[in-house]
Amino acid sequence: MKTLISGIHHITAIAGNPQANVDFYTGILGLRLVKKTINFDAPDVYHFYFGDELGTPGTIFTTFPFTGARKGTKGTGELTYTAFSIPSDSLEFWIGRLKKYGVAVSDVLVRFGEKLIRFEDHDGMGIELVANDSDERSGWTYGQVPKEFSIKGFYGATLNLRSKEHTEKLLTGFMNYKFIGQEGDRYRYGTEGKPGDIVDIVVNPSGNRGMQSAGTVHHIAFRTANSASQLEIQKLLMENGYQTTEVKDRNYFTSIYFREPGGVLFEIATDEPGFAIDEDEAHLGELIKLPEWAEPSREEIVKNLTPVTLKTENYA
1 MKTLISGIHH ITAIAGNPQA NVDFYTGILG LRLVKKTINF DAPDVYHFYF GDELGTPGTI
61 FTTFPFTGAR KGTKGTGELT YTAFSIPSDS LEFWIGRLKK YGVAVSDVLV RFGEKLIRFE
121 DHDGMGIELV ANDSDERSGW TYGQVPKEFS IKGFYGATLN LRSKEHTEKL LTGFMNYKFI
181 GQEGDRYRYG TEGKPGDIVD IVVNPSGNRG MQSAGTVHHI AFRTANSASQ LEIQKLLMEN
241 GYQTTEVKDR NYFTSIYFRE PGGVLFEIAT DEPGFAIDED EAHLGELIKL PEWAEPSREE
301 IVKNLTPVTL KTENYA
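Numbering-wise, the sequence shown is residues 1 to 316 according to full-length UniProt numbering.
Source of the hints: derived by calculation from the structure; they are not laboratory data.
Owing to the predicted nature of the structure, the values given are computational and were not obtained by experimental measurement.
A few of these clues could be false.
To be verified - Quick list of in silico lysine to any residue cross-link-like pairs, SDA-like style, CA-CA up to 20 angstroms:
no. : residue 1 : residue 2
1   : LYS311    : ARG97
2   : LYS169    : ARG97
3   : LYS248    : GLN234
Please build the complete structure, drawing on both the sequences and the hints.
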């Protein structure tokens, strides 16, 4: 099978207060705010992109922060935990840092031979930090997190589903994923089995459905190289009964969307063109960037957005 999917591109969550969202992911976790733009489908709401220095695919955690949104609940049919990759010797640093800022942290867990910790952000978003020696990517820091301990990007994601068979067929039959292993009710898949491409399915046959709102994941996007490979995967999916959207232009990539059989919204996003097309790399995320069609309404759009500022100096 031709390789059309190479791993995770980004994961997008629903959040609450925009400033608290920026503070947590840039201040506490040390990710770079790569882009401040709007939700193209709801222009009165921000769309923040957090990642490494350039917002490399496989590092990008994005949020739609709705001021005043009530908290959602984790359940089946959802991506319940987003896992980031950290260096193997950094767990103690992160446990101490999270506790310093009042974040409740799990005991050290072991999964498929690797140590990790689990916690939630201010909205209840499920996050894991997985310590490993196999991630060769460079992390990013504003300076408050030592570079040698910094987050390198995604490790993977956990899908909480009532059954796995149909989702497994999608991943392994049409999306270049392979079965890696099983621990209890957790089943692991990867394109190469490395940080940035891991998808775990936790089977929970009697679980309650999740409720999507602040603190829950809206969708997971998978990487494809360019528009040509995106059209190939779209054709393959549609020929096999998956109902995808038309190609949507998201400025920094193009996207198609569809529901996987367990209910999670999947996206296929292109690696091209990236986040430096409308800002200099040294100044990514500093201005509110709008798509061309929204520029005539800039004054009204910006007026309706709550101002946010970087406060990383408060998290040294």
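Hint by hint, here is what the structure shows:
1. As the CA atoms of LYS311 and ARG97 are separated by approximately 16 angstroms, the hinted pair is consistent with the 20 angstroms bound.
2. Restraint check for LYS169 and ARG97: not satisfied, since their Cα atoms lie roughly 40 angstroms apart, outside the 20 angstroms limit.
3. Restraint check for LYS248 and GLN234: satisfied, since their Cα atoms lie roughly 12 angstroms apart, inside the 20 angstroms limit.
Comparing the model with each earlier hint shows a violation of hint 2 alone; every other hint is respected.
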